[in-house]
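Engineer: Sequence:
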Amino acid sequence: MDKTPIHHTQDAVWHSHFRAPRRPARDTQDVRWQDDLPPAYKDLVIVPLRFEILHEYEILANRTNGYDENEQACYCAYRFVLTSLRSDDDEMFYEEPTYAETTVAWRMRDERWLIYRQIVGNYALGVAHRFYSLSNTMPR
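Residue numbers (the numbering used here): 1082 to 1221.
Accuracy of the hints is not assured; some may be wrong.
What the hints assert, rightly or not - Estimated spans, in silico, between C-beta atoms of each pair:
1) Glu1172 x Tyr1122: 43 to 53 Å
2) Ala1154 x Arg1211: 20 to 30 Å
3) Phe1174 x Lys1123: 39 to 49 Å
4) Gln1115 x His1210: 19 to 29 Å
5) Leu1206 x Asp1169: 17 to 27 Å
6) Asp1171 x Lys1123: 46 to 56 Å
7) Asp1149 x Tyr1175: 21 to 31 Å
8) Phe1174 x Asn1217: 17 to 27 Å
9) Asp1111 x Leu1166: 41 to 51 Å
As the list claims (entries may be wrong) - Below 20 Å or equal to it, Euclidean Cα-Cα: the simulated SDA-like pairs (lysine to any residue) are:
10) Lys1123 x Leu1206
11) Lys1123 x Arg1193
12) Lys1123 x Asn1217
13) Lys1123 x Glu1192
14) Lys1123 x Arg1113
15) Lys1123 x Thr1164
16) Lys1123 x Ser1216
17) Lys1123 x Asp1191
18) Lys1123 x Asp1111
19) Lys1123 x Arg1167
20) Lys1123 x Gly1202
21) Lys1123 x Val1112
22) Lys1123 x Gln1153
23) Lys1123 x Ile1200
24) Lys1123 x Tyr1180
25) Lys1123 x Arg1211
26) Lys1123 x Asn1146
27) Lys1123 x Thr1184
28) Lys1123 x Glu1150
29) Lys1123 x Tyr1197
30) Lys1123 x Trp1194
31) Lys1123 x Leu1195
32) Lys1123 x Gly1207
33) Lys1123 x Ile1196
34) Lys1123 x Phe1212
35) Lys1123 x Asp1149
36) Lys1123 x Tyr1204
37) Lys1123 x Leu1215
These are computed hints drawn from the structure, not numbers from a lab.
Ideal Cβ placement from N, Cα and C applies to all residues, glycine included.
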């Protein structure tokens, strides 16, 4: 079990990109689709050629889908953060992250999906739990 503090994970990078309207973005060049891919699997996955990115405006969440040359899904990632209202003085309230989850999946050449999950169950502790698994289907 990985106990990396959350402020050292990639989660902090995408917090600032959430409040955009929900709309697809096509052919995005800056999608970092290989960031969590283990080096041993690099040659075993299908490389996405086109991406569709959806940002949720009501909650801190986004989804990225990647497609191959046949327009078949070969990559997906979704991230969300749950927040709670907090107050230091009972007058000023602010949202504080309390839970976060990231799921990233790559379709391999044998049609299975390599899935990476990162869960931060308690933001105050700053501990991220990470693991990989294989599936016959793309995560939804």
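Engineer: Can you list which hints this structure breaks, lowest number first?
Structural biologist: Violated: hints 7, 8, 9, 10, 15, 19, 20, 23, 24, 32 and 36.
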